[in-house]
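Residue numbers (the numbering used here), protein chains in the order written: chain P, 1 to 111; chain Y, 1 to 163.
Calculated from the structure, these hints are not laboratory results. As the structure is a computational prediction, the values presented were derived from the model and not from experiment. Treat the hints with caution; some may be incorrect.
Taking lysine-lysine and the BS3-like style, the derived pairs with C-alpha atoms no more than 30 Å apart in a straight line are [unchecked claim]:
#, chain 1, residue 1, chain 2, residue 2
1, Y, Lys154, Y, Lys38
2, Y, Lys154, Y, Lys34
3, Y, Lys49, Y, Lys94
4, P, Lys44, Y, Lys154
5, Y, Lys151, P, Lys44
6, Y, Lys52, Y, Lys120
7, Y, Lys120, Y, Lys38
8, Y, Lys49, P, Lys44
9, Y, Lys52, Y, Lys94
10, Y, Lys112, Y, Lys137
11, Y, Lys112, Y, Lys154
12, Y, Lys49, Y, Lys34
13, P, Lys9, Y, Lys120
14, Y, Lys112, Y, Lys38
15, Y, Lys94, P, Lys44
Pair by pair, the computed Cβ-Cβ distance ranges are [to be verified]:
#, chain 1, residue 1, chain 2, residue 2, range
16, P, Asp64, Y, Ser162, 19 to 25 Å
17, Y, Glu146, P, Gln8, 52 to 58 Å
18, P, Gln100, Y, Gly81, 54 to 60 Å
19, P, Asp86, Y, Val87, 27 to 33 Å
20, Y, Gln53, P, Gln42, 21 to 27 Å
Every residue, glycine too, gets a C-beta built ideally from N, C-alpha and C.
For reference, the chains in residue letters:
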Amino acid sequence: MIVEELCQKLDLSLIAGASGLQREVDGVYIGDMLSWVMGRAQEKQLWITIQTNLNILAVALMADISCIVIAENAEIPAETIEKANDEGIPLLQSSLTAYQLAAKLAGVDAQ
Amino acid sequence: MHQVFYTPTDSVEQISSTNNDGVVTIQRAYAVEKNDFKRAGEVSSQIKKIMKQVGVRPDIIRRVSVAAYEAEMNIIIHSDGGSIEFVLNPEIIKLVILDRGPGIADIELAMKEGYSTASKDVRELGFGAGMGLPNMKRCSDEFVIESEVGKFTKLQITFHQST
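Could you build all of it, start to finish, from the sequences and the hints given here?
What follows is the structure in structure tokens.
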């Protein structure tokens, strides 16, 4: 499935990185410790986190993550938005918790 | 007799050298400043781009990128500033990381998974898992760490391309 479709299915807000909406998504990873995520997330995964600082983009780039979903409407600083736009990495937001998002995604997977 | 492993693109060629056998070596050096969170990841990102351009195996790109990023973050978070040197040839990829201090008193402790000296502020950003040095060692084929308190810390990390 591509990012754009997941965005619609999960009712996510597109905050930045619209140029990457056609990216392929394959799997999901959840985590808030940056080194941990970088070491273990697989390429093309969708990453759910509450971390919103600028460095999440570096992690996404290093791990070839498809898109980042910020859970619980965590506030996203302007510099993170700017970097996501620069790099073309979709930065999405949801009011749901990571657990709720994961449950929904598992449901989408099962279809 | 070495074979030329790959054809460098123009932007890479300017910083590569070729020996008598036609073996291409790429060498770059980057400065990393203390507390420069704004530019965190830029150096490892550039290193990754070079590896992709010359066609390094994807699994090796990933391991080198992770090690480079951890090293870059360690310089930013824990040191007084330093540099990352990157060498790539058909046989090996090597990272040499050197900082100006403060040095590590107990290297064995620093290498322990989960041990971190990161401040509270830095941990709130998602750093400080205490996995940096152990991750670097695990990703690499050879890992050498030297340090002197008050003077420097130096890492030499090697990845074999041919295996």
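How the hints compare with the structure:
{"no.": "1", "hint": "Y/Lys154 / Y/Lys38", "verdict": "holds, 24 Å"}
{"no.": "2", "hint": "Y/Lys154 / Y/Lys34", "verdict": "holds, 16 Å"}
{"no.": "3", "hint": "Y/Lys49 / Y/Lys94", "verdict": "holds, 15 Å"}
{"no.": "4", "hint": "P/Lys44 / Y/Lys154", "verdict": "violated, 34 Å"}
{"no.": "5", "hint": "Y/Lys151 / P/Lys44", "verdict": "violated, 42 Å"}
{"no.": "6", "hint": "Y/Lys52 / Y/Lys120", "verdict": "violated, 36 Å"}
{"no.": "7", "hint": "Y/Lys120 / Y/Lys38", "verdict": "holds, 18 Å"}
{"no.": "8", "hint": "Y/Lys49 / P/Lys44", "verdict": "holds, 17 Å"}
{"no.": "9", "hint": "Y/Lys52 / Y/Lys94", "verdict": "holds, 16 Å"}
{"no.": "10", "hint": "Y/Lys112 / Y/Lys137", "verdict": "holds, 11 Å"}
{"no.": "11", "hint": "Y/Lys112 / Y/Lys154", "verdict": "holds, 18 Å"}
{"no.": "12", "hint": "Y/Lys49 / Y/Lys34", "verdict": "holds, 24 Å"}
{"no.": "13", "hint": "P/Lys9 / Y/Lys120", "verdict": "violated, 37 Å"}
{"no.": "14", "hint": "Y/Lys112 / Y/Lys38", "verdict": "holds, 28 Å"}
{"no.": "15", "hint": "Y/Lys94 / P/Lys44", "verdict": "holds, 27 Å"}
{"no.": "16", "hint": "P/Asp64 / Y/Ser162: 19 to 25 Å", "verdict": "holds, 24 Å"}
{"no.": "17", "hint": "Y/Glu146 / P/Gln8: 52 to 58 Å", "verdict": "holds, 54 Å"}
{"no.": "18", "hint": "P/Gln100 / Y/Gly81: 54 to 60 Å", "verdict": "violated, 43 Å"}
{"no.": "19", "hint": "P/Asp86 / Y/Val87: 27 to 33 Å", "verdict": "holds, 29 Å"}
{"no.": "20", "hint": "Y/Gln53 / P/Gln42: 21 to 27 Å", "verdict": "holds, 23 Å"}
The earlier numbered hints that this structure contradicts are 4, 5, 6, 13 and 18.
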